[in-house]
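Trainee: One letter stands for each residue in the lines below.
Number of protein chains: 2
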Amino acid sequence: MVVLLGGSGYVGQAFQQLFREQGVPFRNVARKEVDYTEVAALADLLASTKADFVVNAAGYTGKPNVDACELHKAACVFGNAVLPGRIREACERTGTAWGHVSSGCIYTGERPGGGGFREDDAPNFSFRTNHCSFYSGTKALGEEVLTGAADCYVWRLRIPFNEIDSPRNYLTKVMRYASLLEASNSLSQLDEFVRACFETWRQRLPAGTYNVTNPGHVTTREVVDLIKKSGVCDKDFQFFKDEEEFMAKAAKTPRSNCLLDTSKLQNAGIAMTEVHEAVETALRKWRAE
Amino acid sequence: MVVLLGGSGYVGQAFQQLFREQGVPFRNVARKEVDYTEVAALADLLASTKADFVVNAAGYTGKPNVDACELHKAACVFGNAVLPGRIREACERTGTAWGHVSSGCIYTGERPGGGGFREDDAPNFSFRTNHCSFYSGTKALGEEVLTGAADCYVWRLRIPFNEIDSPRNYLTKVMRYASLLEASNSLSQLDEFVRACFETWRQRLPAGTYNVTNPGHVTTREVVDLIKKSGVCDKDFQFFKDEEEFMAKAAKTPRSNCLLDTSKLQNAGIAMTEVHEAVETALRKWRAE
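Here the protein sequences come in this chain order: C and R. For the first sequence, the tail end lands on 1197 under the numbering used here, and the numbers increase by one without skipping. For the second sequence, the tail end lands on 1197 under the numbering used here, and the numbers increase by one without skipping.
Hints are computed from structural coordinates only; laboratory data are not their basis. One thing to keep in mind: the hints can contain errors.
When chains are identical, the list treats them as one kind, so a pair holds in a single copy or across two.
Said to hold, decoys possible - Restricting the straight-line Cα-Cα distance to at most 25 Å, the calculated cross-link-like pairs of lysine to any residue (SDA-like) are:
id	residue 1	residue 2
1	Lys971	Thr1128
2	Lys1157	Asp960
3	Lys1081	Leu1134
4	Lys971	Thr945
5	Lys1081	Gln924
The structure displayed is predicted, hence computed values, not measured ones.
Take these sequences, add in the hints, and give me the full structure.
Mentor: Shown next, in the form of structure tokens:
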């Protein structure tokens, strides 16, 4: 029995679909039903449902984008830094293994020396480096709160997408934004992400942090070229001149653009599609929500 | 009518005593009575009690000292960074003025160029500077969460003491610790602190941040000399050789030792006793809890 927290969100819904497809017994817990932000209530639930595993897909992301986190700081700190710590406490109290959806947005750029950031690299887009969005700061703080947690998987997601048009889908965003920022990024195909996350526990890999992104990285222009080639959208895509113009005209807080190293997951035998191929496939199957 | 949150704590009890002495109608709200960490519950309470002012003396300090915060990170983040934001929301929703007990421990050392840190100096002992205790990090984050809050006083306390022997009293700590760290600090005489805090609102000073410490600063050796001179304790006080030895032998996380500039409060006409005199007076009146 898997207990799913945050099952109504973009990532949570994908976990629900995965569990249904795989025939995994799960319980999607709504906060109004059981206030899982309270340690005692969650621990009771885990005991009464005899949960083997907990997936935390709950968190505060800001709508329509991370700029909103700058205006709702207490909610953002609570959802991303306090809640993981409370789930940890409930899981440790009941001896339950669990996984937490974290984010690669605690990094910016490439690893010094080139390539993607590894799981044990210190975040460089966080409160600690005093260069981050408030959102990224709280996600990094959440990982700090989970340091040393027992039987805890920390899964780092980056810019989710799949073939279903949605305001949360990166490909939809690229097609809808008036102007784009050119940058290199790791991405996570959403359905591959949730499958890979769940595999880390199903295969009983050592608990700890995993970068769960599609191997390789893409630039925004490459994504635009794939969109045009697919025929899904043929608009005249506009780009900001540089990050300075982007910040002045479109954003309230800096964005993380970064590469993650995926060798830990790959070496453990959990494969995800190369990122250009994953984007191409999503666009080929593109459909309305 | 003043609503007091955290009234059972060391600072909260001093607020209770002040209100009793001054005949200020107040309601000390216990969490088990009204869960004031929930915005809606607190807003309802403020409306139903027709509160004119809220004092937030609740927070997570760690027992017996800040080292405990390194082990209870989620609770520490919640009490010091999330709760102030929720109180802000409830107070803004109901149009209620309020004051928050913050801490000078978001600074270390002296202001660049000498003297004490002023209210608008950026914290230098915080997550943002990546040099802090977890406790200080969360207190600084709490001030960040309150940026731009309406009708909000942020009162910075430093190392409280008075004449009553107590594990939370700085003078008791100095007398009980096996070894001491020599450092310069601003201090807050507890009863003067709560009086000065309340005066900022009673006199309708502009809302904002106030350093509420006794003017001047003391070194640990000066405090020891005053203790010896008072006759309260004549033990052979031991000192660590330096901060390195202190960190190696006695502490899990670095301590803030800092000077605060008190001219904003003084210029507003709210006086506190010079710090050496305040320490001397407390020792002269020293009594058991």
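Trainee: Could you run down the list of hints and mark each one as holding or not?
Mentor: Hints versus structure:
| no. | hint | verdict |
| --- | --- | --- |
| 1 | Lys971 to Thr1128 | within (22 Å within a copy, 50 Å between copies) |
| 2 | Lys1157 to Asp960 | neither (48 Å within a copy, 41 Å between copies) |
| 3 | Lys1081 to Leu1134 | within (14 Å within a copy, 66 Å between copies) |
| 4 | Lys971 to Thr945 | both (21 Å within a copy, 24 Å between copies) |
| 5 | Lys1081 to Gln924 | within (23 Å within a copy, 54 Å between copies) |
Taken one by one, the earlier hints fail for this structure only at number 2.
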